[in-house]
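Number of protein chains: 2
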Amino acid sequence: MKMARVYNFSAGPAVLPEEVLKEAAEEMLDYKGCGMSVMEMSHRSKMFSDIIETAEADLRELMNIPDNYKVLFLQGGASSQFSAIPMNLMKNKEADFIITGQWAKKAYKEASRYGKANIIASSEDKTFTYIPDCSDLNISENADYVYVCYNNTIYGTKYQQVPDTKGKILVADMSSCILSEPVNVEDFGVIYFGVQKNVGPAGVVVAVIREDLITDDVLPGTPTMLKWKTQADAKSLYNTPPCYGIYICGKVFQWLKKQGGLEAMKKHNEEKAKILYDFLDQSEMFKGTVVKEDRSLMNVPFVTGDDEMDAKFVKEAKEAGFENLKGHRTVGGMRASIYNAMPKEGVEKLVEFMKKFEEENK
Amino acid sequence: MKMARVYNFSAGPAVLPEEVLKEAAEEMLDYKGCGMSVMEMSHRSKMFSDIIETAEADLRELMNIPDNYKVLFLQGGASSQFSAIPMNLMKNKEADFIITGQWAKKAYKEASRYGKANIIASSEDKTFTYIPDCSDLNISENADYVYVCYNNTIYGTKYQQVPDTKGKILVADMSSCILSEPVNVEDFGVIYFGVQKNVGPAGVVVAVIREDLITDDVLPGTPTMLKWKTQADAKSLYNTPPCYGIYICGKVFQWLKKQGGLEAMKKHNEEKAKILYDFLDQSEMFKGTVVKEDRSLMNVPFVTGDDEMDAKFVKEAKEAGFENLKGHRTVGGMRASIYNAMPKEGVEKLVEFMKKFEEENK
Ligand SMILES: Cc1ncc(COP(=O)(O)O)c(C=O)c1O
Ligand SMILES: Cc1ncc(COP(=O)(O)O)c(C=O)c1O
Ligand SMILES: [Mg+2]
Ligand SMILES: [Mg+2]
Ligand SMILES: [Mg+2]
Ligand SMILES: [Mg+2]
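Residue numbers (our numbering), protein chains in the order written: chain A, 1 to 362; chain B, 1 to 362.
Excised from the complex, chain A in its bound form (with noise of 0.2 Å):
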């Protein structure tokens, strides 16, 4: 086996820790002595069982999930929970929502077929380079709930202090910063998240929810498999769901819980993200593009100010085995995600070719 592997910067999908691909490539024809890979396995097999019930525990351990939240296990990637959770939770059919990027928007724009989406804050006046100020938002009275984008992805901002609703349920899109750090539930209606950027391969979402959320009180014409109430009941086994990215999932958490669990990642990103940030602080060629205060901890957005020379900067970091650097296709520039699967010193060295490529090029 071939074991060349390059620092991946990609936003999703993205790096996973090389011990978890080590033991599912051990285990792909031979799951722990039951003869067959996993991805052969009845889903309502007993052993199949055991994966996603482990899986399920140890994403509540790690995130000290409370017991009146369900787990699901779901397909369709985020952007089918776009339209779910208007059709699951707008019973006013009324919703508010906060804009800090792509994912926030496309998310307003499909509950807008669904009720009244209210804008009640954005940072698009500057390019999403900010969090808006969640202290006293202007929420609707008729409000279903709040939604925010926890961490996003494309710009590079994240929520410091959760929003003040007023009271209202808050759901969050946490695909890309889940598991990066603690979070407090119980501030959360609804925490979902695509789990290919920071936990497992594309193709489940994960949907942490609180049970007198889930209802047959859904809108008319919600398709059965996007209901979440079905998925509850048959505990995400309405289906076959996609066994497989559960399994790599389950191996994810169990590895989180191996480094310490959340207050341990929450340091070693904190940490890893410094390296980058203090860099870009005092260089004279690139730049962060984010305010200092609502910086990821997760996706690093750079610039040097000029496309020629990020052009010449994403090619040769290339070259040098830093993969992905280029910025998403809609703002250009470069993002270096750094989840916790990147290694410190994927970072470290990220930095110090940036040192020497400023060197030559100033």
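Read the hints as simulated data drawn from the structure, not as lab findings. A quick note: this is a predicted structure, and the numbers were derived from the prediction, not measured. Please note that the accuracy of each hint is not assured.
[Stated by the list, open to error] No more than 27 Å apart at the CA atoms, straight line, and that leaves these computed lysine-lysine pairs for DSS-like:
1. B:106 x A:227
2. A:116 x B:227
3. B:46 x A:318
4. A:235 x B:32
5. B:235 x A:106
6. A:355 x A:344
7. A:227 x B:105
8. B:91 x B:106
9. A:22 x B:32
10. A:235 x B:106
11. A:46 x B:22
12. A:362 x A:287
[What the hints assert, rightly or not] On the chain A side, residues computed to face chain B include the following (Cβ under 8 Å):
13. 15
14. 282
15. 324
Note that the Cβ used here is the ideal one computed from N, Cα and C, for glycine as well.
Given the coordinates of chain A, work out where chain B with the ligands should sit on it, guided by the hints.
Only chain B with the ligands this time, still in chain A's reference frame:
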């Protein structure tokens, strides 16, 4: 790496070609020298484009798919298509259904939520042990389409002829017979399949759809993700697709090409199924439950006529390394699913075991 493999007769997720699993294991940490796993690759990368485009091209070649059909790689399982089909096709809000078991019935029930769904034929009167005569169906004048489940996974029936829909669009769920033999794609408006039976790991559903059926004119409230046009316009990359599953499907397509394509598979599958059906037909203990003319090549249900004997058989078979022979939880008895990847040897050994069991228990 341990290599003790059982004979896995699971109805899905199901056995995959050992060769494919071995390759996947070898490439797990480093796909073709690119330094990362396919699980870690951006879905917008050149590497992944090659994977999905090659998979599509190979599927087109295998099935001989005409140019005026799109191939979509989707998420959400076959069950999500139970909603997507009426949402995308019900222009007159009416459709006809032929009920041959639980899967057609579920699709029918879901469609009934969006328009007038008519049952125009059914084999429920005889516990779905046959395929209704479809030579002169009572097609509804305003039906937007006629829906069938081409191979019933649970009851083990298969259409031997394409139903005469009198010019109406035919939509077929081929989840459990796809790629087991050639079909004439042009006879169908839509062919779709969850890949977890005959192609790959659960979490990918493939839809082959005639271009003119992919329109903006969908039912109001159709989730953006369930609108086929969203996915067709974006070449299955509207959002993050289930990349790793698609990669495995691609490998299975390549494997099928190496086996000689679908004509060769048909011959192989007929030989394999004959071994088991011939035994059932002469056995005094075991008998197949489906009328001879409508037997599936893929799913072979059988019974002893005695529940206790059935249970004893399933238990002893398991001990002897034949896994997942228990019938579907809703019907009981036994079922051997003998998909493409089940080697002939597996069926031969099973029949040997059944002979011995009959001898010992008569
Ligand atoms: C924060 C966030 N939300 C949602 C999405 C969309 O996820 P998916 O591609 O699974 O639909 C993305 C990702 O790509 C994202 O970064
Ligand atoms: C013929 C058929 N259609 C549909 C389904 C449902 O597929 P899924 O579990 O992917 O929703 C199944 C399977 O389990 C099946 O056998
Ligand atoms: Mg956003
Ligand atoms: Mg600077
Ligand atoms: Mg059926
Ligand atoms: Mg007999």
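Violated hints, by number in ascending order, as checked against the structure: Those not satisfied are hints 4, 14.
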